[in-house]
Amino acid sequence: MRARLPEFPTQHIDRGQEISFSYLGKRMSGLGGDSVAVAMYDNGVRIFSRSLKYHRPRGLYSLDGESANTLMNIDGIPNENAEKRRLRDGMEVSAQNVRGRPDTDFYSFINWFDRFMPAGFYYRMFHRPYKLWPFFLNRIRKMAGVGTLDIHREFDDSRRFEIFLNADVAVIGGGTAGMNAALAAAGQGLRVCLFEHRAWLGGHMDWRVVEFEDEPLFERARGLAKQVEANTQIRLFTQAPVTGIWGNKLITAYQTGKDGEYFDERYIECRAKSVVVASGCIERPLVCNNNERPGVMQVNTAWRLARTYAITPGKRIVFSIGDDLGLEAALDLAELGLKVLAVADARSDKQNADLLTRLQSAGIEYLPGWAASNVKGGKHVRGVELSELNGSQTCSFKCDLLVASAGQQAVIGPLSTAGAKFRYCTETGLFQPTEMPPKMFSAGRMTGLTHPGSIDTSGTIAGLEAAAACDRDVSTNLDAARRAAAKLPGETKGCDLVYGPGIGAGRKAFICFDGDGTFKNAVQSASQGFDAPELAKRFGGFGLGPGQYQVPGQNLAMAMSNINGTPIENSQFTTVRPPLVPLTLATCVGPRHNIYKQTPLHRDQKARGGIFRNAGVWRRARYFSPDLDCRPEIRNVRENVGLLDGSSLGNFRIYGPDALRALQRVYVSNMEKSREGRCKYSAMCNETGNIVDDGVVTKVADDNYYFTTTSNRAGITIEWFRYHTRFDDWDFKLVNLTDSMGSINVAGPNARNLLQKVTKEDLSNEAFPYMAYKELIVGDGVSARCLRLGFVGELSFELHVAASHSQYVWDLLWEAGQEFKVHPFGMEAQNCLRAEKGHVIVGTESEQRVTLLDIGLGFLWDSNDTSSNKVGAPALRACENQQGRMKLVGFRVSESGVTPLDGDIVVDGNDIVGYVCTTRISESLDCSYGMALVKDGYATRGEKIRMCQALGKRHDEYTATVVPPQFYDPDGQRLRT
Amino acid sequence: MSLKLRNNQVKSSETRAICGLERLWGTSPLKSHYDVVLIGGGIHGLATAYYLAKEHGIKDVAVLERRYIGYGGSGRNTAIVRANQRTQENVKLYDEGLKLWPKLIDELDFNLMFFNCGNLNLAHSEAAVSAFRLAVSTANFCNVQSELLDPQQCKELVPALDISDRPYHPIHGGMYHGPGGIVRHDAVVWGLAKGAFKHGAHIHQGVEVLGIDTDGQKITGVQTNRGSISCNRLAVMAGGYSASVCEMVGMELPVHPLTIQAMVTQPLKPFLHHVVSSGAYHCYANQTLKGEVATGAHMDPQVNYSTTPTAWYMKHQAEALCEFLPCLKGVKFMRIWAGLADMTPDMAPIMDGNVMYDGLFIDVGWGYFGFKSGPITGKYMAEFIADDEAPDILKPFALNRFLENRYMGETAGATNYGHWN
Amino acid sequence: MSFTITCPICGERDVYEFHFGGRDRGPPPSHDNLTIEEYLRYAQFRTTRTEAQLEWWFHSNGCGSWFTTWRNPANNREEKPQEMSNDQQ
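Chains as they are written, first to last, in this note's numbering: chain G, 189 to 1165; chain S, -7 to 413; chain H, 5 to 93.
In case anyone wonders, no lab produced these hints; they're calculated from the structure.
Careful, some of the hints might be misleading.
As the list claims (entries may be wrong) - Some but not every residue of chain G turned toward chain S, in silico, with C-beta under 8 Å:
#1 306
#2 345
#3 717
Said to hold, decoys possible - Below 30 Å or equal to it, Euclidean Cα-Cα: the simulated DSS-like pairs (lysine-lysine) are:
#4 G:330 <-> S:282
#5 S:95 <-> G:1141
#6 S:387 <-> G:1123
#7 S:307 <-> G:272
#8 G:627 <-> H:84
#9 H:84 <-> G:461
#10 S:307 <-> G:446
#11 S:282 <-> G:319
#12 S:261 <-> G:241
#13 S:51 <-> S:84
#14 S:147 <-> G:330
#15 S:307 <-> G:785
#16 S:261 <-> S:91
#17 S:84 <-> G:1132
#18 G:330 <-> S:261
#19 S:51 <-> G:1141
#20 S:91 <-> G:330
#21 G:567 <-> S:261
#22 S:84 <-> G:1123
#23 S:190 <-> G:319
#24 S:261 <-> G:214
#25 G:609 <-> S:307
#26 S:91 <-> G:1141
Just so you know, these numbers come straight off a predicted model, no measurement behind them.
Just so you know, even glycine gets a beta-carbon here, dropped at the ideal spot from N, CA and C.
With these hints in hand, go ahead and build the complete structure from the sequences.
Next up, the structure:
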């Protein structure tokens, strides 16, 4: 650390806090408040990185992360912007994209080969002969990229959070315009959120010492900041850059935590009723030869190094500027005792007379109508040539710092992502908004104002307009503010310099730093037909780097107009894309949201060794066999009795005078046939006749039904019913009971014996036959809806009980089942059991090519009913007698040697004619069996079909015989006993 | 202070001459009649023009583009190419398409930057593994390389993957398709424009079709912002805007225009050497030659002609990536954008000719997969237009399939972007 | 996008709370005397113009109701077509 400049109130450093860090293994130190880049600069680092294409040395150019120049690896994380990252104790910083060190990079020789790399050169080279392309491809890949990611490094994301806000007025930009806007809106009693990317408010007034109304600008700004901080209506977010404004005024930002705060970074979404954008200006880089040499920096960079961080930016300084801020900065640095040799000003007139007088009295050479034409020095500025804009005179200076800018460019990002339209203003030299999205307002410097009073008043006006958009009556205040504004200076003349004098072919005059895009490349792009900025951006690679549009944005638009010879006011800005500042993925994620539903028996099933899988929104026990084999589970159901937690199944109640009509609409069957005490199996189709759901419906009483759906479908069942009856004005109520009910399936030959032990109800086959429905009292008086179904092909009772009683009922059954050696079974066992029975699962045995009829469920459809307008019925009719459709068949494989698998294909010659939906080896059947969808020509019973399994290099073929899919107990004796 | 005179200010016109680079494709006068007019200056339109001119001797062709060529889906996709689709009909077409790239690069003398890195699809459930078996067997049966991998093999291929049970959807396996990869999408547009122009086709940018002229059963021309143009044959290849163009002749299509989004991270040195995609997370990722991780996949289900991205999706994508590629947590998003996808109910395109009117050809409904198959489709659409008869390979893609309720089976589920279909 | 939809019951909410139900085309045709082609066109074929249209939306993460609202698919703003909004003024 060098000696800093004396203390002054504009500074934001803590001299009492010395922070040590390392750069490339070398120990360095900085002060509290320093950014990493600032501290590095203070420690003498001048070359921060090497550029992407030419490996040119790059230095500290901006302080707000406008280019990739200062992307570093910090604490193992690549592409961290050292300008924005606050210095912390123990930080380890290293350079990127260099072979060796940035000051001695091995690849720097590439700089001399630019002639061979014109815009778009990639597309013209390396492809002939094609055989060599992979070699070049690998070279290109290795040269590309910036940082190096360590894929094995664990990223600590434990302190990333998120907040979702609603605001009446959101203000973007904490300069004086933004602060005045926030105060004006808050004064109307509105809730305001203010977003500022720096750690403090004040914008560009924060370091200016000139006086306005007898007060230095920085003190004025700080006074305003105190008011903002004290205002309880304003929620203030500093260190919170806005990443975009999305549809209907949704603002996203992220905030970096200050020392002691609970988060490292937090993601912010704020939906506002109205928005004020006062995002201000950044400097427009001066395009001249070697304009990105280390030692060339923006006006505000040099100025803030001195005023904010008390660092001497250079020993001999030359300025080439385009606005009054540049003059003010030169004077201010001179007054701080720095050696300012000369100031070239791209403007010939309209300068602030007072500043010129002061410049003269300070003895600084002033060259109006001049600009830097060439920067000398290999790795760092050693001198600069200044030229008159018409090129007639040139002079050179020996210096170590060129402070260069071509004036200002508006920060159009936030407004642009919100959909505002911009047009280049020939007066201010800025792209200014011409068309604003509804309820959005702009203020401050970006509107072309430079006078402090005008800027403040524009903020007040915008804040009041935003309040008016929130239905506040602000007419009196607004009139007063507008009258005040009318008396203040308006838009200021800006700088229209496209590039510096003597640019020549522009070989080393950079429009885009990150992509090494030169003026020459822009010319090359145009001459190859890519003459619009948007095309040049893609072809020449302008503005596609980590700094995004900030450095090349306006310059590219102006350069392309210049090259094409089109009027500058017609020049177009390339599309600005969010995020406006780079957003770390972990910050975007915030805390990890992995939310799933647990059944009321989840913990119990886990304790019994259940192996869980995601099943839609649920997590369910799929296996109770550590080897995933499931044979004991299956055997137990077939021979004894098993318990299944089926709580994710959809359960619904529908009641009301039109309940039956609603059921008739969505189910394919004639639902008039559902009777009290009976379960009716049916299915729902979509409008093209694909099955989307199946389940049972039981009539509880007149106009009162209870029905089940598949687990996947439960979430949208109400939506579906209501959608398909939305024009009917029917009177029915529909209640989703899924989450409030647990479901336990008691299945197996001993099911009745087991269940009888916990209820007094007569469960005999006569009293409670197959497909019957009863409401039972079990145990100590828990009521349960009991459905006698047979999905798994055995005698079984499904008990639906309140979620809170589910564990009690399970325990009851478990205890009662001890004498039968009851065992739980999971989804996979159920899957095997049902497949043996030929019962389909929607989405497993069905797909978009097959209708309800194709999968053998045509018997469910009441084809005579056209008056109910059953969903999908005409589509079923269309396919009823159609040839060439796929059909669901059962098959058996007797060959040994190949194990059939789900997804094997059915083939004939060179054609694929079907595929296997589900196949398993059955103990009960002693063979491989399965269900397949095959073209109808292959669906005849007894047909031999060829199956093919080709999962790698090996192709295995085997033969199967088409059989009815009811393999196990085809007559259904076991269900009915 | 030393003063010297200098006069090296070079006028832009002179600089242009200095660089010695010619336009990739020239400008042509807009004629009042063309034999064939193609609406849409994307990959499909340009490829069709190229093959009409080159292989069928039909050089009186105009491509009409409303903005600039490649403005739409051709310039907004993430450039993944592959041929491991679900059905044989699709695999055949995409496989030919995949094999065409090296040939096309040579023919056009333009480096399309085909990065043959292979595609790894992740399965996050037993059912997904079964679905991959079907796709793998289908591919191999059609002589397209594809293989089924277990999680460990996935990890060997892509070491950055998290194959533990920490992710919400743990990885159960994968499908690796070696012949796939990525191609530089803009280059394809430019290369095809270069080729089409060289063989005599006209490319008109900034020409917007406002109406379509018919006479009885025949197409006769188009109305544009630059006057009317008569033609003998007209093809609609307008990507996301296809349905609205077809509507100019009252043709309704089973097409939903939807917004699809993609994004890139800041550039990094190569660490991801394959395209990785995951159905369960609705997410794919690959590292471009520039080093950015390009990622995308989500579509909002409401019909849309807007190409503005959403904050919701950026967050969703970050969540997905951090799950199965946790090393990306510290990486930064740089850019998100959106384009239009013209989705059909069966997620397969509609290629047809003489529909509704004689001389009207449609090549629409490509959704988000129109890039992979662009040049090969152009080749066959050119054949279709030239011979007035559908090539066998395109026959399954006719519009009539929807009127017979016969879907192509490209996705397993019944239409997944809205149950009102 | 990231736009909002105004639910008649819950008010203006983020679009991701809703499910889209398509352009309003009036009540579906009666199945009596409906040809198969007419039906299949109805079920699958759609027109989407770049102008405001009346649409069905379902407030799935909210009150659970279907309602119609005007939206322009070109800019995702809830706005009525030009001529309608003029009529009302």
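Comparing the hints with the structure gives:
A least Cβ separation of about 6 Å between residue 306 of chain G and chain S falls short of the 8 Å threshold, and the interface hint therefore holds. Below 8 Å, beta-carbon pairs count as interface contacts, and residue 345 of chain G has one with chain S at about 5 Å; its hint therefore holds. The restraint placing residue 717 of chain G at the interface with chain S holds, with a minimum CB-CB distance near 4 Å, inside the 8 Å limit. For a cut-off of 30 Å, the pair hint linking residue 330 of chain G to residue 282 of chain S stands: about 9 Å separates their Cα positions.
In summary, the hint linking residue 95 of chain S to residue 1141 of chain G is supported, as the alpha carbons are separated by about 26 Å, within the 30 Å threshold. Between residue 387 of chain S and residue 1123 of chain G the CA atoms are separated by roughly 18 Å; this keeps the pair inside 30 Å, and the hint holds. In summary, the hint linking residue 307 of chain S to residue 272 of chain G is supported, as the alpha carbons are separated by about 22 Å, within the 30 Å threshold. Distance restraint check for residue 627 of chain G and residue 84 of chain H: the Cα-Cα separation of roughly 18 Å lies within the 30 Å cut-off, and the hinted pair is therefore satisfied.
With a C-alpha separation of about 20 Å, the suggested pair residue 84 of chain H and residue 461 of chain G falls inside the 30 Å cut-off, and the hint holds. Restraint check for residue 307 of chain S and residue 446 of chain G: the C-alpha separation of about 24 Å stays at or below 30 Å, so the hint holds. Restraint check: the Cα-Cα separation between residue 282 of chain S and residue 319 of chain G comes to about 21 Å, which is no more than 30 Å; the hinted pair holds. Restraint check for residue 261 of chain S and residue 241 of chain G: satisfied, since their Cα atoms lie roughly 13 Å apart, inside the 30 Å limit.
Restraint check for residue 51 of chain S and residue 84 of chain S: satisfied, since their Cα atoms lie roughly 29 Å apart, inside the 30 Å limit. Between residue 147 of chain S and residue 330 of chain G the CA atoms are separated by roughly 22 Å; this keeps the pair inside 30 Å, and the hint holds. Distance check on the hinted pair: residue 307 of chain S and residue 785 of chain G sit about 22 Å apart at the alpha-carbon level, within 30 Å; holds. Annotation: proposed proximity of residue 261 of chain S to residue 91 of chain S holds, straight-line Cα distance about 29 Å (limit 30 Å).
A C-alpha spacing of about 27 Å is found between residue 84 of chain S and residue 1132 of chain G, which places the hinted pair at or below 30 Å, so the restraint holds. In summary, the hint linking residue 330 of chain G to residue 261 of chain S is supported, as the alpha carbons are separated by about 6 Å, within the 30 Å threshold. Restraint check: the Cα-Cα separation between residue 51 of chain S and residue 1141 of chain G comes to about 45 Å, which exceeds 30 Å; the hinted pair is violated. Between residue 91 of chain S and residue 330 of chain G the CA atoms are separated by roughly 26 Å; this keeps the pair inside 30 Å, and the hint holds.
Restraint check: the Cα-Cα separation between residue 567 of chain G and residue 261 of chain S comes to about 25 Å, which is no more than 30 Å; the hinted pair holds. Taking the CA atoms of residue 84 of chain S and residue 1123 of chain G, the gap is near 19 Å; set against the 30 Å cutoff, the hint holds. Our distance criterion of 30 Å between C-alpha atoms is met by residue 190 of chain S and residue 319 of chain G, whose separation comes to about 25 Å. A C-alpha spacing of about 25 Å is found between residue 261 of chain S and residue 214 of chain G, which places the hinted pair at or below 30 Å, so the restraint holds.
Restraint check for residue 609 of chain G and residue 307 of chain S: satisfied, since their Cα atoms lie roughly 26 Å apart, inside the 30 Å limit. Annotation: proposed proximity of residue 91 of chain S to residue 1141 of chain G holds, straight-line Cα distance about 20 Å (limit 30 Å).
In this structure, the one hint that does not hold is number 19.
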